[in-house]
Amino acid sequence: MNTASATELAPTRKSAPRARDADLTRKRILAAATAEFGRKGLGGARVDEIARRSKSNQRMIYHYFGSKELLFTAVLEAAYSDIRAAEQKRNYYLEHPKFLSLVNSANLHRARHLKGSQTVREVMGKFVQMVKAILDRGAAMGEFREGIDPVQLNITIAAIGYYYLTNRFTGSIIYDRDLMAPDNLDQRLAFNLETILRLVRRES
Numbered sequence: 000m001n002t003a004s005a006t007e008l009a010p011t012r013k014s015a016p017r018a019r020d021a022d023l024t025r026k027r028i029l030a031a032a033t034a035e036f037g038r039k040g041l042g043g044a045r046v047d048e049i050a051r052r053s054k055s056n057q058r059m060i061y062h063y064f065g066s067k068e069l070l071f072t073a074v075l076e077a078a079y080s081d082i083r084a085a086e087q088k089r090n091y092y093l094e095h096p097k098f099l100s101l102v103n104s105a106n107l108h109r110a111r112h113l114k115g116s117q118t119v120r121e122v123m124g125k126f127v128q129m130v131k132a133i134l135d136r137g138a139a140m141g142e143f144r145e146g147i148d149p150v151q152l153n154i155t156i157a158a159i160g161y162y163y164l165t166n167r168f169t170g171s172i173i174y175d176r177d178l179m180a181p182d183n184l185d186q187r188l189a190f191n192l193e194t195i196l197r198l199v200r201r202e203s
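Every letter in the sequence shown is one number past the one before it in numbering that gives the first Met the number 0, and letter 204, counting from 1, is 203.
Hints in this document: simulated from the structure, not taken from any laboratory.
Keep in mind that the hints are not guaranteed to be accurate.
[Unchecked claim] 27 Å max Cα-Cα, derived BS3-like pairs, lysine-lysine: (1) Lys114 - Lys131; (2) Lys54 - Lys26; (3) Lys114 - Lys125; (4) Lys67 - Lys54; (5) Lys131 - Lys67; (6) Lys39 - Lys54; (7) Lys54 - Lys97; (8) Lys131 - Lys39; (9) Lys97 - Lys39; (10) Lys54 - Lys114; (11) Lys67 - Lys39; (12) Lys26 - Lys125; (13) Lys114 - Lys97; (14) Lys26 - Lys67; (15) Lys97 - Lys67; (16) Lys26 - Lys131; (17) Lys39 - Lys26; (18) Lys125 - Lys97.
[Stated by the list, open to error] Label pairs and their calculated CB-CB ranges: (19) Lys54 - Ser116: 39 to 47 Å; (20) Ala30 - Ser203: 20 to 28 Å; (21) Met59 - Glu145: 48 to 56 Å; (22) Gly43 - Leu196: 35 to 43 Å.
Source: prediction; values computed, not measured.
We put the CB at the ideal spot given by N, CA and C, even for glycine.
Let's have the full structure, built from the sequences with the hints guiding it.
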């Protein structure tokens with residue numbers, strides 16, 4: 000009886016390491032693909048380079064993700080999930096500049112790789128609901144104006160940070176100011192916060 004039980008459990012024991020290996024391989028491929036798509040965009044990225052960087056092979060990439068375009072969709076889903084999970088970290092965009100490149104590449108292709116993604120819709124839907132809850136709570140306390148659209152507010156918050164970072168090189172020359180210097184980043188963050196608070200606060 001015990002021998003039979005041990006025999007029945009043997010495949011489970013063997014399958015666990017295989018599942019862990021598969022998960023690690025997927026993570027390596029995603030990390031390599033994020034770097035490759037972030038640097039070169041969807042059009043310039045090469046699957047063989049992703050395979051080399053992830054220490055896998057093209058067959059494994061197609062096995063796990065199906066195609067280069069589906070891999071790009073998986074990268075976008077992971078990026079949006081990561082950024083929303085770490086939204087409270089002020090340095091996220093600075094520490095993950097490839098996110099901005101990924102968004103640029105997705106927009107270049109008219110976001111067709113996101114249209115079928117339920118993951119991104121769920122992630123962004125939860126985030127919008129969180130912003131709405133904050134606005135409703137602030138309005139109930141008499142601190143915020145009523146009727147602010149959480150989607151419009153989110154777009155505004157993203158825009159004032161996105162433009163600054165995507166134009167950091169040209170902006171530093173045009174304005175003769177190192178936009179990425181720590182003091183200037185602190186000043187920019189304070190300005191952004193003041194701008195958003197002025198938008199949402201109730202007039203006294």
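Against the structure, the hints come out as follows:
Restraint check for Lys114 and Lys131: the C-alpha separation of about 24 Å stays at or below 27 Å, so the hint holds. For the hint linking Lys54 to Lys26, the alpha-carbon distance of about 11 Å falls within 27 Å, and the restraint holds. Simply put, Lys114 and Lys125 have alpha-carbon atoms about 17 Å apart, close enough for the 27 Å limit, and the pair holds. Pair hint Lys67 plus Lys54 holds up; C-alpha atoms about 17 Å apart against a cutoff of 27 Å.
Our distance criterion of 27 Å between C-alpha atoms is broken by Lys131 and Lys67, whose separation comes to about 36 Å. A hinted pair counts as satisfied when its Cα atoms are at most 27 Å apart, and Lys39 with Lys54 qualifies at roughly 19 Å. Distance restraint check for Lys54 and Lys97: the Cα-Cα separation of roughly 21 Å lies within the 27 Å cut-off, and the hinted pair is therefore satisfied. Taking the CA atoms of Lys131 and Lys39, the gap is about 36 Å. The hint is violated against a cut of 27 Å.
In summary, the hint linking Lys97 to Lys39 is supported, as the alpha carbons are separated by about 10 Å, within the 27 Å threshold. A threshold of 27 Å between alpha carbons decides the hint, and for Lys54 with Lys114 the separation of about 30 Å lies outside it, so the pair is violated. Taking the CA atoms of Lys67 and Lys39, the gap is about 13 Å. The hint holds against a cut of 27 Å. Proposed proximity of Lys26 and Lys125 is supported: the alpha carbons are some 24 Å apart, at most 27 Å.
The suggested pairing of Lys114 with Lys97 holds, with an alpha-carbon distance near 21 Å, which does not exceed 27 Å. Straight-line distance between C-alpha atoms of Lys26 and Lys67 comes to about 16 Å, which keeps the hinted pair within the 27 Å bound. Of the pairs offered as hints, the one joining Lys97 and Lys67 holds, with about 18 Å between alpha carbons and a cut-off of 27 Å not exceeded. Restraint check for Lys26 and Lys131: the C-alpha separation of about 33 Å exceeds 27 Å, so the hint is violated.
For the hint pairing Lys39 with Lys26, the CA-to-CA distance comes to about 20 Å; that is within 27 Å, so the pair holds. Under the criterion of a C-alpha separation no larger than 27 Å, the hint pairing Lys125 with Lys97 is consistent with the structure, at around 23 Å. Separated by about 27 Å at the C-beta atoms, Lys54 and Ser116 break the suggested range of 39 to 47 Å. Evaluation of the 20 to 28 Å hint for Ala30 and Ser203 yields a failure: the beta carbon distance comes to about 49 Å.
Distance hint check for Met59 and Glu145: the Cβ-Cβ separation is about 54 Å, which falls inside the suggested range of 48 to 56 Å. At about 40 Å, the beta-carbon gap between Gly43 and Leu196 stays in the expected band of 35 to 43 Å.
Hints 5, 8, 10, 16, 19 and 20 from the earlier list are contradicted by this structure; the remaining hints agree with it.
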